[in-house]
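2 protein chains.
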Amino acid sequence: MPKKERQRQLGLLLEENPFLTDGELSEHFTVSVQTIRLDRLEGGIPELRERLKTVATRTMKEEVKSLHSDEIIGDIIDIELDKKALSIFDVTTDHVFQRNGITRGHHLFAQANSLAVAVMDDDLALTVKSTINFLKPVKAGDRVVARAEVKKESLLEKRTLVEVVSTVGEETVFTGEFYMFRTTDRK
Amino acid sequence: MPKKERQRQLGLLLEENPFLTDGELSEHFTVSVQTIRLDRLEGGIPELRERLKTVATRTMKEEVKSLHSDEIIGDIIDIELDKKALSIFDVTTDHVFQRNGITRGHHLFAQANSLAVAVMDDDLALTVKSTINFLKPVKAGDRVVARAEVKKESLLEKRTLVEVVSTVGEETVFTGEFYMFRTTDRK
DNA sequence: ACTACTATTAGTACCAAGTGCTAATCCGGA
DNA sequence: TCCGGATTAGCACTTGGTACTAATAGTAGT
Chain A
170 MPKKERQRQL
180 GLLLEENPFL
190 TDGELSEHFT
200 VSVQTIRLDR
210 LEGGIPELRE
220 RLKTVATRTM
230 KEEVKSLHSD
240 EIIGDIIDIE
250 LDKKALSIFD
260 VTTDHVFQRN
270 GITRGHHLFA
280 QANSLAVAVM
290 DDDLALTVKS
300 TINFLKPVKA
310 GDRVVARAEV
320 KKESLLEKRT
330 LVEVVSTVGE
340 ETVFTGEFYM
350 FRTTDRK
Chain B
170 MPKKERQRQL
180 GLLLEENPFL
190 TDGELSEHFT
200 VSVQTIRLDR
210 LEGGIPELRE
220 RLKTVATRTM
230 KEEVKSLHSD
240 EIIGDIIDIE
250 LDKKALSIFD
260 VTTDHVFQRN
270 GITRGHHLFA
280 QANSLAVAVM
290 DDDLALTVKS
300 TINFLKPVKA
310 GDRVVARAEV
320 KKESLLEKRT
330 LVEVVSTVGE
340 ETVFTGEFYM
350 FRTTDRK
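Quick note, the sequences are listed as chains A and B, same order.
Here the working numbering is used: the first residue of the first sequence is 170, the next is one more, and so on.
Here the working numbering is used: the first residue of the second sequence is 170, the next is one more, and so on.
Be aware that a few hints might be false.
It does not matter which identical chain is meant; a pair holds if it fits inside one copy or across any two.
Unchecked claim - With a straight-line cut-off of 30 Å between C-alpha atoms, the simulated BS3-like cross-links for lysine-lysine are:
1) K173 <-> K327
2) K308 <-> K327
3) K253 <-> K308
4) K298 <-> K173
No lab work stands behind these hints: they were computed from the structure.
From just these sequences and the hints, can you work out the full model?
Set out below in C-alpha cells:
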C-alpha cells in the first residue's frame, strides 16, 4: 500500500476510533511503530492521550448542553408566572434536515411546549391538547423568539389555554394553542 | 480538614472535573501527591488516563445515539411509503419530568412527527399544521408504538393528511393529525 | 512514659505511550 | 552507480501514573 493511501486511511480510522495506540495501528497496517509516528506527524494527528482529552472535553460540554436543552428547550429570558413568558432558541445545524436545511418541526414544538409548561405556575402542568401551525420554514442560524401568553382558565376543569407565537425577526414562523392541565389546586 | 471530608470532596471534584492530575489535586488540598494517591485508592477512583478513557467512551456512544435519535425519534419498524408506518420509542428517565416521572410532551410529538415525515414518499416533506391530543401520561420504561396512516391527499395543494396514533400496550396515549406539505411533485 | 495505631510524606523501581533526535537500511529510478 | 524518499531501529527523556517500602508525626490507651 502506498504511503499516501495509508495516511488517508489512518486519518479516517482514528476519526471513528480515537482509542488506538501507535502499536495497534502499526499491527493493523503491518508497518513499524516509527512509520505510524511519522504518519501522524505529517498528518498533524495528535497522540492517543491528546485525542482522548479532546473527545472527553467534547463530552463534558455536550453533557451540560443536553442537560440544559432537554430540561427546557430554549433559554427563558423573561417570565411572569400565570401571565406570559418569553424564550429564545438558537437554531444550529443539529436541528435541521440535512436535505434542505429546514428546522425539524419538533424542535419548534418543543420550545413552545416547554415555554407553555414553564409559564404555568404549577410544578406538574401537563399538555392535554394542542393545535399548532408551522407558517414559515426556519433555517440554521435563525434565532427563534417564542412568546407565551396565558389566555383563559377554567378552574373547574383545571384547564388553561396558553397561546404561543414564535418569530424570527419580524416574521411569525410558528403559532400554537396549548391546553394545559393543572395538577395542583390554585392558592 | 479531616481525611474523610477531603475524600468526599475529592470524589465530587473529580466527578465534575475528571481532568485533574494528582499533582493539581495535591495543590488544591495542600497535601502531598502520595496522600491523593491513597485517597483515590481508598475511594476506588481510577487514575486520570482511565477517567478520560471512560468519559471519551461515553461520548462516542452518545454521538452514535444522538445521530440516530435526532434524525428520527424512535425506531422505524415497518413502513409502506405513502400508506402507513410504525415506529417504537422506548422512554427512559432522560425523557421525563423529574418531578412526576411523566414523559415530556415534545418527545411524543417528535416521534409522531418524525414518523409522519418518514411515511411521506418525499425527501422534503414539511409539517404545516397539526392537532394533537395527549390522552394518558407515559412513564419511563414504557414502550410507545406509533402508527401513522396517510389519510387523504390534495394533489393540487400538495397537502397530505397523516394520522398518527401512539399506544402503550393496549392504551392509546397520543393521537395527532399532521397536515404535511409535499415539496416535490408526485410521479 | 511507653506503646500502638493512624495519617501523612518521601523515595525507589517500574510501566505505557508517547516526543525528539540520530543513524542505519532498503528500494527504485535517472 | 549514486541519489533520495520511505522505512526502520535505537536511545534519551517526558507524563502521569502503579506498587511497594520506609520514615515521621501526632494522638490515644494503659
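| said: My question is about K298 and K173: at a cut-off of 30 Å on alpha-carbon distance, are they close within one copy, between copies, both, or neither? | reply: neither (59 Å within a copy, 53 Å between copies)
| From the Cα coordinates, with 30 Å as the cut-off, is the pair K253 and K308 best called within, between, both, or neither? | Both ways: K253 and K308 sit 26 Å apart in one copy and 29 Å across, limit 30 Å.
| message | Reference check for the pair K308 and K327, CA-CA at most 30 Å: within, between, both, or neither? | response | Between. Shortest inter-copy distance 22 Å satisfies the 30 Å Cα cut-off; intra-copy 37 Å does not.
| Between K173 and K327, at a C-alpha cutoff of 30 Å, which is it: within one copy, between copies, both, or neither? | neither (69 Å within a copy, 50 Å between copies)
Comparing the model with each numbered hint stated earlier shows that hints 1, 4 do not hold.
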